[in-house]
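Going down the list, the protein sequences come from chains A and B. Numbering-wise, the first sequence is residues 1 to 182 according to the UniProt record's numbering. Numbering-wise, the second sequence is residues 1 to 182 according to the UniProt record's numbering.
A couple of the hints might just be wrong.
Note that identical chains are pooled: a pair holds if it fits in a single copy or bridges any two copies.
For lysine to any residue, the following SDA-like pairs were computed, each having C-alpha atoms within a straight-line distance of at most 25 Å [unchecked claim]:
1. K136 with H182
2. K140 with Y180
3. K79 with W117
4. K78 with E145
5. K79 with S169
6. K140 with Q92
7. K140 with H83
8. K128 with E59
If you are wondering where the hints come from, they were derived from the structure by calculation, not from laboratory data.
Letter by letter, the chains look like this.
Protein chains: 2
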Amino acid sequence: MGFWKTWFSTPESLTTSKTTSFEEHTAASVGNSPNNISETSSKEARIVFSTERDLDLYELEELCDAVGWSRRPLRKVKKAIEHSFLVASMWQVRGNQRRLIGFARATSDHAFNATIWDVVVHPDFQSKGLGKALMKYVLKKLRSEEISNVTLFADPHVVDFYRSMGFMSDPEGIKGMFWYPH
Amino acid sequence: MGFWKTWFSTPESLTTSKTTSFEEHTAASVGNSPNNISETSSKEARIVFSTERDLDLYELEELCDAVGWSRRPLRKVKKAIEHSFLVASMWQVRGNQRRLIGFARATSDHAFNATIWDVVVHPDFQSKGLGKALMKYVLKKLRSEEISNVTLFADPHVVDFYRSMGFMSDPEGIKGMFWYPH
Ligand SMILES: CC(C)(COP(=O)(O)OP(=O)(O)OC[C@H]1O[C@@H](n2cnc3c(N)ncnc32)[C@H](O)[C@@H]1OP(=O)(O)O)[C@@H](O)C(=O)NCCC(=O)NCCS
Ligand SMILES: CC(C)(COP(=O)(O)OP(=O)(O)OC[C@H]1O[C@@H](n2cnc3c(N)ncnc32)[C@H](O)[C@@H]1OP(=O)(O)O)[C@@H](O)C(=O)NCCC(=O)NCCS
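Okay, chain A solo, but in the shape it has when bound:
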């Protein structure tokens, strides 16, 4: 886990634009160090973050399938991505191949509040600190847009995950409420 974390401690070149192209957290390549001559080290894998919206929707569907989320019409997913304020994706890059391993998005009024939806890390990459790194990336982006109130609705099993990042549940008794059409 510390292994991955170091990848994000290096300086970043982030833009404040909403529609930036592919961005790198300048993750050091595994195997750069001569002391690190293991089987995996020759693979030259690194983790990269992006706010690119032009995602392959089938690849995204595959990621959501992998954590057991129910399928959603791609037409609607496309529309939701277009109308999200922020779309964040996390990639494993090896040479010129990249694999989508994480995703999150946020709706917003572009002024006061943002609400984060659909946070997901591929099971093969969970519990390595990457979910936290993805959320940090999202929060940094939102903060750079001067959003002062970041909210989300957390399933019970991930409340502690978000709490570890500084999210508070029901602050001052404020309650998350849902209404479904009937």
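With the hints as your guide, set chain B with the ligands onto chain A.
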């Protein structure tokens, strides 16, 4: 209260467009009935709903002041209104005068979810069923856009208000969470 409620039970001509112009809930004018010859009846007041975004921001500020909300920079309020998915306002109309008496807005990804913010009814008009009518109008609009998941964050004293409209708090243990920049 029943008095106001009848005003909303008549047929409406709502459009499904996001940016509709001034809309009426075809509220019957007070005093139309010959049995109703009271002092107020001659005033011909009615309540009208709108999704018009071109609001007078000073009038909106006055409404928010009236319920004790802290002031927000008008530049940001303007931006938030521009980037909200739905902006709903409620007006008392007498002849050719209109007064802003209620407001609500929603952010959305235009596909799956919407989040309602800044629900307010002027104190002079509270506890008459108008808050509920405003929320019904908002929900109708969101439903007409096929939004399937309507959410909000309720202050403790208004949880029952939203519950009376069918909103559920923490359904299946889902928790509303907040993060503030530090
Ligand atoms: C939730 C999710 C995004 C977390 O990603 P992850 O990469 O496994 O999380 P991390 O490894 O970065 O964990 C970060 C911290 O949260 C903790 N954590 C991770 N998952 C947790 C969970 N389910 N419950 C409680 N704590 C959790 C970790 O222990 C870690 O704490 P630490 O930094 O103090 O050691 C990922 O498990 C996932 O995609 N789950 C399925 C989809 C889902 O449920 N999404 C949330 C919908 S609301
Ligand atoms: C909350 C608010 C919008 C309600 O508007 P309103 O016009 O007074 O509400 P209504 O008259 O339509 O009330 C509708 C129902 O909710 C109930 N209700 C209204 N306010 C309530 C409250 N504060 N707590 C509990 N129930 C409430 C009413 O009894 C009524 O129930 P009924 O239909 O079963 O009789 C209004 O009081 C307001 O603007 N408050 C200040 C701003 C605020 O707190 N907004 C919410 C921020 S999250």
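Hints, verified against the model:
For the identical chains of this complex, K136 and H182 are inter-copy neighbours only, at 13 Å across copies versus 37 Å inside a copy, given an alpha-carbon limit of 25 Å. Only between protomers do K140 and Y180 lie at most 25 Å apart by alpha-carbon distance; the minimum there is 12 Å, versus 32 Å within a single protomer. In this assembly of identical chains, the alpha carbons of K79 and W117 lie at most 25 Å apart whether taken from the same copy (14 Å) or from different copies (22 Å). In the homo-oligomer, the alpha carbons of K78 and E145 lie at most 25 Å apart both inside one protomer (23 Å) and across protomers (16 Å), since each shortest distance falls under that limit.
Taking the closest pair of Cα atoms, K79 and S169 never come within 25 Å of each other, the shortest separation being 29 Å inside a single copy and 28 Å across copies. In this assembly of identical chains, K140 and Q92 lie within 25 Å of each other by CA distance solely inside one copy; the values are 20 Å within and 43 Å between copies. For a Cα distance limit of 25 Å, the shortest separation of K140 from H83 qualifies both inside one copy, at 20 Å, and across copies, at 21 Å. When the C-alpha separation of K128 and E59 is checked against a cutoff of 25 Å, the pair qualifies only within one copy, where the shortest distance is 22 Å, while the shortest distance between copies is 51 Å.
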